[in-house]
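J.: Use the sequences and the hints to build the structure in full.
There are 2 protein chains.
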Amino acid sequence: MIPIITVEDEMKRIKKPWSPKVIARVNDQVIRLAMFKGTYPMHKHDNEDELFQVIQGKITIQLESNQKIELQQGEMAVIPKGMKHSPNSDLTSYVLMFEPATLTSTGD
Amino acid sequence: MIPIITVEDEMKRIKKPWSPKVIARVNDQVIRLAMFKGTYPMHKHDNEDELFQVIQGKITIQLESNQKIELQQGEMAVIPKGMKHSPNSDLTSYVLMFEPATLTSTGD
Chain A
1 MIPIITVEDE MKRIKKPWSP KVIARVNDQV IRLAMFKGTY PMHKHDNEDE
51 LFQVIQGKIT IQLESNQKIE LQQGEMAVIP KGMKHSPNSD LTSYVLMFEP
101 ATLTSTGD
Chain B
1 MIPIITVEDE MKRIKKPWSP KVIARVNDQV IRLAMFKGTY PMHKHDNEDE
51 LFQVIQGKIT IQLESNQKIE LQQGEMAVIP KGMKHSPNSD LTSYVLMFEP
101 ATLTSTGD
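Heads up: the protein sequence lines correspond to chains A and B, in order.
Counting in this note's numbering, the first sequence runs without a single skipped number right up to 108 at its last residue.
Counting in this note's numbering, the second sequence runs without a single skipped number right up to 108 at its last residue.
Rather than coming from a laboratory, the hints here were simulated on the basis of the structure.
Beta carbons: idealized from backbone N, C-alpha and C, even for Gly.
Any given hint could be a false lead.
[As the list claims (entries may be wrong)] Pairwise CB distance ranges (calculated):
1) A:Leu91 <-> B:Ser65: 42 to 48 Å
2) A:Thr39 <-> B:Glu8: 25 to 31 Å
3) B:Gln62 <-> A:Ser19: 33 to 39 Å
4) B:Trp18 <-> A:Asp28: 25 to 31 Å
5) A:Lys58 <-> B:Gln62: 33 to 39 Å
6) B:Glu8 <-> A:Thr6: 17 to 23 Å
7) B:Ser19 <-> A:Asn66: 36 to 42 Å
8) B:Asn47 <-> A:Lys58: 34 to 40 Å
9) A:Val22 <-> B:Trp18: 28 to 34 Å
[Unchecked claim] To give an idea of the interface, some chain B residues facing chain A are shown, with a C-beta separation under 8 Å as derived from the structure:
10) Glu8
11) Asp49
12) Gly74
13) Glu75
14) Met76
15) Pro100
T.: Pasting the structure below:
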C-alpha cells in the first residue's frame, strides 16, 4: 500500500528547530521537513543543490556578500551547490527541503 | 541572484491540464507543476519513482487491482518505479511532481 504523507500531521510531530525529519524518499532524493526558528549557521553543500519550500511561516536565507532572499508560505528557492547560506526564521516556520539522500553539511 | 518561485503565480500561468511545467531544478531532479482535471491514462515509469504533492484541490491515483489513493491539499505520495498509475481529478487541481529530469512516460 502506498503511504499518504500529510504534511500538517508531520509538522505536529516536530518539536524542535533545525532537526529535519525525512518524510519521503523519491529516487535517490529525500524530502525532509524541518522547523526553522532562529538562525542556522552559514554553511554550504559542496556537491548538492538544496531546495527550500516554505509550508508555513516566513524565512530568510542569508547568502554571502549581504544578499538575502525572503521566502513566504507557497514560495521556494534552490540554493546551488557550493553556495554558502544561513537560514533564519524569526517566528516558527516549517520548511520542506529536497536534497540527495547522501547530503551532509560542511560547516564553515 | 537566486530566483524565488511562487507556486501560486506559476499556477496562474497554466491554462490546460496534463501539461506539466518545470518550475525548478535541483540536482538531477525537476519539480514540475501541473493542472490535473479529468483522467490521465494508466501508465508507468520503469526506472523512476514519482512524487505527487497536491497544492490545491483533490486528486485520486488509481492503481492496479482497484487500489486507489486519494490526496488532498497538503498531502503527498510517492508512486514507486514500475507501478502502474492513473491520476484523476474531478475538479481542477494543481499538483507538484518531483522526478528525475530524464523521466519519460511509458504508456500502456
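J.: Against this structure, judge whether each hint is valid.
T.: Hint check:
As the Cβ distance of leucine 91 (chain A) to serine 65 (chain B) is approximately 46 Å, the hint placing it in 42 to 48 Å holds. The supplied range of 25 to 31 Å is met by threonine 39 (chain A) and glutamate 8 (chain B), whose beta-carbon atoms lie about 28 Å from each other. For glutamine 62 (chain B) and serine 19 (chain A), the Cβ-Cβ distance of about 37 Å falls inside the hinted range of 33 to 39 Å, so the restraint holds. At roughly 27 Å, the beta-carbon separation of tryptophan 18 (chain B) and aspartate 28 (chain A) lies within the given 25 to 31 Å, and the hint holds.
Lysine 58 (chain A) and glutamine 62 (chain B) have their C-beta atoms about 38 Å apart, which keeps the hinted 33 to 39 Å range intact. For glutamate 8 (chain B) and threonine 6 (chain A), the Cβ-Cβ distance of about 21 Å falls inside the hinted range of 17 to 23 Å, so the restraint holds. For serine 19 (chain B) and asparagine 66 (chain A), the Cβ-Cβ distance of about 40 Å falls inside the hinted range of 36 to 42 Å, so the restraint holds. Between asparagine 47 (chain B) and lysine 58 (chain A) the Cβ separation comes to about 38 Å, which falls inside the hinted range of 34 to 40 Å.
Hint check: valine 22 (chain A) to tryptophan 18 (chain B), Cβ distance near 30 Å, so the stated range 28 to 34 Å holds. Nearest Cβ of chain A to the Cβ of glutamate 8 (chain B): about 6 Å, under the 8 Å cut. The hint holds. Given the 8 Å rule on beta carbons, the hint for aspartate 49 (chain B) holds: about 5 Å separates it from the nearest Cβ of chain A. Checking glycine 74 (chain B) against chain A: minimum C-beta separation of about 5 Å stays under 8 Å; hint holds.
The restraint placing glutamate 75 (chain B) at the interface with chain A holds, with a minimum CB-CB distance near 5 Å, inside the 8 Å limit. Residue-level restraint check for methionine 76 (chain B) holds (minimum Cβ-Cβ distance to chain A is 5 Å; threshold 8 Å). The interface hint given for proline 100 (chain B) holds, since its Cβ lies 6 Å from the closest Cβ of chain A, which is under the 8 Å cut-off.
In the structure shown, no violation is registered for any of the earlier numbered hints.
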